[in-house]
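My request is simple: use the sequences and hints to build the entire structure.
Line by line, the protein sequences are chains H and P. Its first residue numbered 1, the first sequence is counted upward by one per residue in our numbering. Its first residue numbered 1, the second sequence is counted upward by one per residue in our numbering.
The hints are simulated quantities; they were obtained by calculation from the structure and are not laboratory data. Since we're looking at a predicted model, the values are computed, not measured. Think of the CB as a built atom: it goes at the ideal place given N, C-alpha and C, for glycine as much as any other residue. Be aware that a few hints might be false.
Stated by the list, open to error - From the derived model, a few chain P residues whose C-beta atoms are all more than 12 Å from chain H:
{"no.": "1", "residue": "THR16"}
{"no.": "2", "residue": "ALA39"}
{"no.": "3", "residue": "ILE60"}
{"no.": "4", "residue": "ARG155"}
{"no.": "5", "residue": "PHE183"}
{"no.": "6", "residue": "ASP216"}
{"no.": "7", "residue": "ALA507"}
{"no.": "8", "residue": "GLU540"}
{"no.": "9", "residue": "VAL740"}
To be verified - Chain H side only, calculated, beta carbon under 8 Å to chain P, not exhaustive:
{"no.": "10", "residue": "GLY271"}
{"no.": "11", "residue": "PHE275"}
{"no.": "12", "residue": "LYS277"}
Said to hold, decoys possible - Cut-off 27 Å, straight-line C-alpha distance, at most; resulting in silico cross-link-like pairs (DSS-like, lysine-lysine):
{"no.": "13", "chain 1": "H", "residue 1": "LYS289", "chain 2": "H", "residue 2": "LYS277"}
{"no.": "14", "chain 1": "P", "residue 1": "LYS101", "chain 2": "P", "residue 2": "LYS128"}
{"no.": "15", "chain 1": "P", "residue 1": "LYS739", "chain 2": "H", "residue 2": "LYS277"}
{"no.": "16", "chain 1": "H", "residue 1": "LYS211", "chain 2": "H", "residue 2": "LYS296"}
{"no.": "17", "chain 1": "P", "residue 1": "LYS145", "chain 2": "P", "residue 2": "LYS26"}
{"no.": "18", "chain 1": "P", "residue 1": "LYS406", "chain 2": "P", "residue 2": "LYS309"}
{"no.": "19", "chain 1": "P", "residue 1": "LYS275", "chain 2": "P", "residue 2": "LYS309"}
{"no.": "20", "chain 1": "P", "residue 1": "LYS406", "chain 2": "P", "residue 2": "LYS426"}
{"no.": "21", "chain 1": "P", "residue 1": "LYS745", "chain 2": "H", "residue 2": "LYS289"}
{"no.": "22", "chain 1": "P", "residue 1": "LYS304", "chain 2": "P", "residue 2": "LYS195"}
{"no.": "23", "chain 1": "P", "residue 1": "LYS195", "chain 2": "P", "residue 2": "LYS145"}
{"no.": "24", "chain 1": "H", "residue 1": "LYS269", "chain 2": "P", "residue 2": "LYS398"}
{"no.": "25", "chain 1": "P", "residue 1": "LYS746", "chain 2": "H", "residue 2": "LYS269"}
{"no.": "26", "chain 1": "H", "residue 1": "LYS269", "chain 2": "P", "residue 2": "LYS621"}
{"no.": "27", "chain 1": "P", "residue 1": "LYS621", "chain 2": "P", "residue 2": "LYS145"}
{"no.": "28", "chain 1": "P", "residue 1": "LYS26", "chain 2": "P", "residue 2": "LYS101"}
{"no.": "29", "chain 1": "H", "residue 1": "LYS277", "chain 2": "P", "residue 2": "LYS746"}
{"no.": "30", "chain 1": "H", "residue 1": "LYS289", "chain 2": "P", "residue 2": "LYS621"}
{"no.": "31", "chain 1": "P", "residue 1": "LYS664", "chain 2": "H", "residue 2": "LYS269"}
{"no.": "32", "chain 1": "H", "residue 1": "LYS269", "chain 2": "P", "residue 2": "LYS745"}
{"no.": "33", "chain 1": "P", "residue 1": "LYS398", "chain 2": "P", "residue 2": "LYS426"}
{"no.": "34", "chain 1": "P", "residue 1": "LYS569", "chain 2": "H", "residue 2": "LYS277"}
{"no.": "35", "chain 1": "P", "residue 1": "LYS621", "chain 2": "H", "residue 2": "LYS277"}
{"no.": "36", "chain 1": "P", "residue 1": "LYS145", "chain 2": "H", "residue 2": "LYS277"}
{"no.": "37", "chain 1": "P", "residue 1": "LYS739", "chain 2": "H", "residue 2": "LYS269"}
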Amino acid sequence: MKARLHPNEGVIAMQFQSPLSVEDAVAFLADDQNARILSGGTDLLVRLRLGHIAPSKIVDIKKIEGMRSITREDGGFRIGAAVSGAEMNENHDLYLAWPGVVEAAGLIGSTQIQGRATIVGNLCNAGPAADSVPALVAASATARIAGPSGVRDVLVQDIPIAPGQTSLKIGELVTSIFLPAQPVNGSDAYLRFIPRTEMDIAVVGCGVSLKLDSAGTVVQARVALGAVAPTVLLVENAAEILIGTQLDDDALSALAEASSSVANPIDDKRGTIAFRKDVSGVLTCRAAKIAYSRAKGTVK
Amino acid sequence: MPKDEFTPRTFSVVGTRPLRPDGIDKVTGRARYGADISAPGMLTGMVLRSPHAHARICSIDTSVAAAMPGVKAVITRADFPVHPENNGTADVLDNCMADKKALYDGHAVAAVAASSRRAALDALATIKVVYEVLPHVLDVDEAMKLDAPILHKGRKQEGVPADVSDNVLTRTEYGHGDPEIGFQMADLVIERQFKTAATHQGYIEPHSCLATLGSDGQGDLWVCTQGHYMARNTCAEILGLDSGCLRVTPSEIGGGFGGKTTVFLEPTALLLSQKSGRPVKMTMTREEVFRASGPTASTSIDIKIGMTKDGTITAAKGDYRYQNGAYEAMNGTLGAMTGFAPYDLDHVNTVGWDVVTNRPKAAAYRAPGAPMAAFAVESVIDELAYKLGLDPIEVRLKNAAREGTKSAYGPTYPAIGLEATLKAAKSHPHWSAPLGENQGRGVACGFWFNFGGDTCVSLMVNPDGTVSLSEGNPDIGGSRAAMSMMAAEELGIPMERVRTIIADTAALGQNEVTDGSRVTFAVGLATIKAARHAIQIMVERAAMTWGIDPEAVEWVDGAAQPAGPNAGKHPPMSLAEIAAIASNTGGPISGHFEVNAEGAGVSFGTHIADTEVDPETGAVKIIRYTVFQDAGKAVHPSFVEGQLQGGAVQGIGWALNEEYIYGKDGTLQNAGFLDYRIPVASDLPMIDTAILEIPNPGHPYGVRGVGETGIVPPLAAVANSVSRAAGVRMTSLPMSPPKVLAALKKM
Ligand SMILES: Cc1cc2nc3c(=O)[nH]c(=O)nc-3n(C[C@H](O)[C@H](O)[C@H](O)COP(=O)(O)OP(=O)(O)OC[C@H]3O[C@@H](n4cnc5c(N)ncnc54)[C@H](O)[C@@H]3O)c2cc1C
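Next comes the structure, spelled out in structure tokens:
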């Protein structure tokens, strides 16, 4: 639907709401199909300026209680939907537990963008190349959703359903992300491939989360890929390949192969199918090695 | 005291590194760029652009737009009053607003002026254009084929053979000797084909202007440009105005690199202003800059070189095919002239082809045409050196052009600095530093002509002893600093006492655009001469005051003094003292100088690049980079270093990631800085520079232009480095990770 214009001034008649509670936010969203949620705005405002969207209402969630804090819960972390990448980076405990997730969030944009960009915005923008999403999926993160019919928790990997589309219903918003307790001898890593060194969009992204036993043998593994399919991909057989190994060369080459064959990319201006498949394997191994040495570093 | 030519001397201001006079304005935001100015009642002008690569325009219906509230003027090509006689200007007009056909994705077809951006955008959306989509062609080799879609009929120039299509506008040939004889004397002959992608200058400031034109034909134009005289003359010709009635004032300029040496929006803005009776501001979006300004040529080049075992080049041949977008440009000709320019060759032949395709018309880009030619030539020389087991710098030294060499494009060189840059490279620690795993080192040379041209400078001595200097060239690389320094040097006063401004078109005579690395050379020469003119007047005023002959007075350290004991005993009169009483000695004092400057010395550079290639991903990292270039005389060494670094970095981007990417339908896929990848700061090491100073005989201080040569060697230096690191010869740019990985896998 097209935005209404004041004929002479050409000003878009658009409402801006800053609710103080989740209930109010839900109410604002539920009565208007064309409302958009504003978290950091680093995706939303760009799209607005480019004329890709013309919302009738913008609902800013930053003033809602709890949206900007990181709290401990069941040994894990609850991260409010408006917590910026920079704030995550400054939380030492969070970094120690989930360095891969924090680094993935920290890769988004530049210093300026980091002051605003959130992992919830990254997730709900539903871009195939979103950097924090594979790391969150590897970490078994869940999203808490509030809506007209109450609150529910959903696995992060079930939120994006197609490029630009999420499984959220009208009136719903994500209020927080929950990262579970990091087991002893567990850690994670995220790597992305970009043609430059920053300010670029992932051609392949890979998150790996591992748990080892005290001897350094893998007992749990989750691997997720970004930018190589319409939505984030879980490399389902990664656990089977890695569990019971100490990341020896055979395990790594099997992992690379699994990752390359799961990848289902397209040929476009950012890379060819063959390139993205190859690099999926390479990055998965590199990320797995980092996660492994991090996890091992915590072995007593 | 005529000193037309270089005379050795010592300097007190030239060669130092004072703070740049434009610095405070730029860091505080006070500097006014193209879009930073407004006028009462101003409208926003916007352009409707073709979504097709090649289409006949059957009809344009603007009636709904014209009737919309807030819309004050709508124009199409039919509203332009004249058809310029000059082919070049007619092309510029056609590029600004399409006539019968849209020739590329982004080609302007209509424009509106409205009371807001929103109103203008809504008006554009209502304009109905009926297109008949035509087959398109983007690649130079495809466009040359007889069965290719044709852009313009009957524009082939003399010398273009019948077996190529009408898209080929020119064919030029250079050289001497007989390469076939030369190849027979070679121990090794290598022939290869190279491809380079179209790249954009990537200036940060988009095109922008504010135009006012009355029904009486009097107008004002404020514009971000490399040449406001060019803007004035071109707009006047396109709109049928007297150039004297149009005053053009250049804004501060946020980069141009050649891309702002023509007009895109300006004639449209003026016409919209005339039709609406209001000032009209137009500013391109970044997407418009990519789609509809002037990127450079993409190329396909064949090079064949023969060499003996000791490294002597026996013969060289080049076939340079360049597509210049939808209209004529001479990049291919310049490629054919420059490729072999660094070498002293007995047998050389080069052919340049300039071809049109359904892409935006190429504009100049820093040494236009030369970087791609150097990429091809220097790659083959590197491969010959590698295969013959020779040191690549030694090979170049052995064949280097020197004073007296007949160049590959014709003229015989005066004193030049190529050999000096090669020797400096050879003895630099970079050349002998150890390399790590997956790393390689490449070297390459480059040449650029440099230019002089029409130039005017006025220098006013103010009553308080300060000096105001007016030049007519937008300051794109520090020319206000350089001119103040050269004037201060001549006058013998501190540089801070000379303020240089860029005057509008009514204040000075005709000035060439800021291009061809001409400004420090030509405007510098005119500044020196204008200062000498003022000195002559000040000497006369002192002589008059003392009652002696002007011949008996000399100018030393900023003051007039008797030339010798016979002239009598008078204490020196400083510039400030003479200025203070000027009103009583004949009136205000100013010097000026107008010239078509000749004698711009050619310039050479040598670059060394170290790269590391990730064997698993094809990613290339620049590890170390050093530029050696002849500056003749570096007036402000920091600015010279900045030019060398900037050229190198743009060349590195061109080599590694930058390219215009098109879809099957001929539309541009990456019209933005996210997917048009110029290097970011973290991609690069510090670019080291070494300035050589081999004086240009044609400038009083020995100055040569330095702005362009720096972009000529890097494509080849990086490619040679990557080829050695990867163990496979890279012949196609950009060397993006997918391409490098594919080459590694083919090995
Ligand atoms: C210069 C620049 C560089 C960038 N670099 C990167 C990069 O390297 N990697 C990367 O992945 N991304 C990058 N981005 C994209 C963007 O910064 C990220 O996706 C960021 O995480 C978005 O977060 P945000 O809080 O700003 O989202 P917003 O713009 O506020 O929102 C994004 C989308 O999510 C929706 N949304 C926001 N909050 C909620 C919520 N609580 N519930 C439901 N829906 C919600 C919004 O309506 C919108 O559709 C870059 C952007 C810019 C401008």
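Against the structure, the hints come out as follows:
1. Distance to chain H confirms P/THR16 as a non-interface residue, since its nearest Cβ pair spans about 35 Å, more than 12 Å.
2. The beta carbon of P/ALA39 is kept farther than 12 Å from every beta carbon of chain H, the shortest such distance being approximately 19 Å.
3. Chain H leaves P/ILE60 outside its interface by the beta-carbon criterion, the shortest separation being 22 Å against a cut-off of 12 Å.
4. For P/ARG155, the condition that its CB be more than 12 Å from all CB atoms of chain H holds, with the nearest at approximately 32 Å.
5. Separation of P/PHE183 from chain H is adequate, the least Cβ-Cβ distance of about 38 Å exceeding the 12 Å criterion.
6. With a cut of 12 Å on Cβ distances, P/ASP216 stays outside the contact zone with chain H, its closest approach being about 29 Å.
7. The beta carbon of P/ALA507 is kept farther than 12 Å from every beta carbon of chain H, the shortest such distance being approximately 38 Å.
8. At roughly 60 Å from the closest C-beta of chain H, the C-beta of P/GLU540 stays outside 12 Å, upholding its exclusion from the interface.
9. Once the 12 Å rule is applied to beta carbons, P/VAL740 is inconsistent with being away from chain H; the minimum gap is 10 Å.
10. Given the 8 Å rule on beta carbons, the hint for H/GLY271 holds: about 5 Å separates it from the nearest Cβ of chain P.
11. Below 8 Å, beta-carbon pairs count as interface contacts, and H/PHE275 has one with chain P at about 4 Å; its hint therefore holds.
12. About 11 Å separates the beta-carbon of H/LYS277 from the nearest beta-carbon of chain P, more than 8 Å, and the hint is not met.
13. Distance restraint check for H/LYS289 and H/LYS277: the Cα-Cα separation of roughly 19 Å lies within the 27 Å cut-off, and the hinted pair is therefore satisfied.
14. Simply put, P/LYS101 and P/LYS128 have alpha-carbon atoms about 15 Å apart, close enough for the 27 Å limit, and the pair holds.
15. Note on P/LYS739 and H/LYS277: the hinted pairing holds, with a Cα-Cα distance of about 14 Å set against a maximum of 27 Å.
16. Restraint check: the Cα-Cα separation between H/LYS211 and H/LYS296 comes to about 9 Å, which is no more than 27 Å; the hinted pair holds.
17. Between P/LYS145 and P/LYS26 the CA atoms are separated by roughly 50 Å; this puts the pair beyond 27 Å, and the hint is violated.
18. Restraint check: the Cα-Cα separation between P/LYS406 and P/LYS309 comes to about 24 Å, which is no more than 27 Å; the hinted pair holds.
19. Pair hint P/LYS275 plus P/LYS309 does not hold up; C-alpha atoms about 71 Å apart against a cutoff of 27 Å.
20. Taking the CA atoms of P/LYS406 and P/LYS426, the gap is about 25 Å. The hint holds against a cut of 27 Å.
21. At roughly 24 Å between alpha-carbon atoms, P/LYS745 and H/LYS289 fall within 27 Å of each other, so this suggested pair holds.
22. Pair hint P/LYS304 plus P/LYS195 holds up; C-alpha atoms about 15 Å apart against a cutoff of 27 Å.
23. For the proposed pair P/LYS195 and P/LYS145, the alpha carbon gap of about 17 Å is at most 27 Å, so the pair holds.
24. Restraint check for H/LYS269 and P/LYS398: not satisfied, since their Cα atoms lie roughly 43 Å apart, outside the 27 Å limit.
25. A threshold of 27 Å between alpha carbons decides the hint, and for P/LYS746 with H/LYS269 the separation of about 22 Å falls inside it, so the pair holds.
26. Among the hinted pairs, H/LYS269 with P/LYS621 is consistent with the structure: their alpha-carbon atoms are about 21 Å apart, no more than 27 Å.
27. With a CA separation close to 38 Å, the supplied pair P/LYS621 and P/LYS145 exceeds the 27 Å bound.
28. Distance restraint check for P/LYS26 and P/LYS101: the Cα-Cα separation of roughly 42 Å exceeds the 27 Å cut-off, and the hinted pair is therefore not satisfied.
29. Of the pairs offered as hints, the one joining H/LYS277 and P/LYS746 holds, with about 16 Å between alpha carbons and a cut-off of 27 Å not exceeded.
30. For the hint pairing H/LYS289 with P/LYS621, the CA-to-CA distance comes to about 22 Å; that is within 27 Å, so the pair holds.
31. For the proposed pair P/LYS664 and H/LYS269, the alpha carbon gap of about 12 Å is at most 27 Å, so the pair holds.
32. Note on H/LYS269 and P/LYS745: the hinted pairing holds, with a Cα-Cα distance of about 21 Å set against a maximum of 27 Å.
33. For a cut-off of 27 Å, the pair hint linking P/LYS398 to P/LYS426 stands: about 13 Å separates their Cα positions.
34. Distance hint between P/LYS569 and H/LYS277 is unfulfilled; the C-alpha atoms sit about 89 Å from each other, more than 27 Å.
35. Distance restraint check for P/LYS621 and H/LYS277: the Cα-Cα separation of roughly 22 Å lies within the 27 Å cut-off, and the hinted pair is therefore satisfied.
36. Using a Cα cut-off of 27 Å, the hinted pair P/LYS145 and H/LYS277 is violated, with the two alpha carbons roughly 37 Å apart.
37. Distance hint between P/LYS739 and H/LYS269 is fulfilled; the C-alpha atoms sit about 12 Å from each other, no more than 27 Å.
Hint compliance for this structure: hints 9, 12, 17, 19, 24, 27, 28, 34, 36 are not met, and every other hint is.
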